[in-house]
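With chain B fixed as given, assemble chain H onto it according to the hints.
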Amino acid sequence: EVLLVESGGGLVKPGGSLRLSCAASGFTFSNAWMTWVRQAPGMGLEWVGRIKSKSNGGTTYYAAALKNRFTISRDDSKNTVDLQMNSLETEDTGVYYCVMGIAGHWDDAFDMWGQGTMVTVSS
Amino acid sequence: QSALTQPASVSGSPGQSITISCTGTSSDVGGYNYVSWYQQHPGKAPKLVIYEVNNRPSGVSYRFSGSKSGNTASLTISGLQTEDEADYYCGSYTLRNTLVVFGGGTKLTVL
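Chains as they are written, first to last, in the working numbering: chain B, 1 to 123; chain H, 1 to 111.
Just so you know, the hints here were simulated from the structure itself, not pulled from any lab data. Watch out, some of these pointers could steer you wrong.
[What the hints assert, rightly or not] DSS-like, lysine-lysine: derived pairs with alpha carbons at most 30 Å apart:
| hint | chain 1 | residue 1 | chain 2 | residue 2 |
| --- | --- | --- | --- | --- |
| 1 | H | 47 | B | 78 |
| 2 | H | 47 | B | 52 |
| 3 | B | 13 | H | 44 |
| 4 | H | 107 | H | 47 |
| 5 | B | 67 | B | 52 |
| 6 | H | 47 | H | 68 |
| 7 | H | 44 | B | 67 |
| 8 | B | 67 | B | 78 |
| 9 | B | 78 | H | 44 |
| 10 | B | 13 | B | 54 |
| 11 | B | 67 | B | 54 |
| 12 | H | 107 | H | 44 |
| 13 | H | 68 | H | 107 |
| 14 | H | 47 | B | 54 |
| 15 | H | 68 | B | 78 |
| 16 | H | 44 | H | 68 |
| 17 | B | 54 | B | 78 |
| 18 | B | 67 | B | 13 |
| 19 | H | 47 | B | 67 |
| 20 | B | 54 | H | 107 |
Okay, chain B solo, but in the shape it has when bound (with noise of 0.2 Å):
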């Protein structure tokens, strides 16, 4: 069975930092994109950013609006992937989904999703 579970999230200051943490299991972590998308209180969905695989380079793409403060990294040795965010703001605040798409739609069919971890930016 395909599981995500994220971990990491909380209450965070205005200007303050936060790294969230997805755990993957029942598949080859190494051969998937994994993505982060964000849901703000009774809001829409947000793309975050995403992390290749390793063969494919292992690089990230991040939405323009969040790429100077967000990073997204992995470790394949442990079947995790990984969001810091820095800077946040109370705009911030939300559920992070750990995402992976369906294998050759890795960045447009999202088919497995955590359970989401909440983030709350206030003072």
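Leaving out everything else, chain H in the frame of chain B:
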């Protein structure tokens, strides 16, 4: 303000069919056949119901179908069931400031 435009709400009775539209631009919906649709029940993670405009993932009911014309994609749910009541989001591949843009979501009510 979301990049893709969806109606805020639609409704239908059990057994009926409904269609949800998703309007973008030539930089997203109109430019690629990589439109997907997601169903989200309250407090749950989204679930993929359609990808690549009109493909259903394994396990998704045949009652869900997708189409596209120009810059507008559509999700049709036939034979409405009470469990279809949920929020629905469209998504499209793009290379404009991001890789994927989503719609603002449509709340489906099954009366």
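Do the hints match the structure? See the list:
1. H:47 with B:78: Holds, at roughly 26 Å.
2. H:47 with B:52: 22 Å, holds
3. B:13 with H:44: 26 Å, holds
4. H:107 with H:47: OK: residue 107 of chain H and residue 47 of chain H at ~15 Å, within 30 Å.
5. B:67 with B:52: It holds: about 16 Å lies between the C-alpha atoms, which stays within 30 Å.
6. H:47 with H:68: Cα-Cα ~20 Å, so holds.
7. H:44 with B:67: Holds, because 27 Å separates the two Cα atoms, which is no more than 30 Å.
8. B:67 with B:78: 25 Å, holds
9. B:78 with H:44: This hinted pair holds, its Cα atoms lying about 26 Å apart.
10. B:13 with B:54: 34 Å, violated
11. B:67 with B:54: Judged against 30 Å, a Cα distance of about 20 Å means the pair holds.
12. H:107 with H:44: 14 Å, holds
13. H:68 with H:107: Roughly 20 Å between the alpha carbons, so the hint for residue 68 of chain H and residue 107 of chain H holds.
14. H:47 with B:54: Within the cut-off at roughly 27 Å; holds.
15. H:68 with B:78: It is violated: about 41 Å lies between the C-alpha atoms, which goes past 30 Å.
16. H:44 with H:68: 27 Å, holds
17. B:54 with B:78: Holds, at about 14 Å.
18. B:67 with B:13: 20 Å, holds
19. H:47 with B:67: Between residue 47 of chain H and residue 67 of chain B the Cα gap is close to 26 Å, so the pair holds against 30 Å.
20. B:54 with H:107: 39 Å, violated
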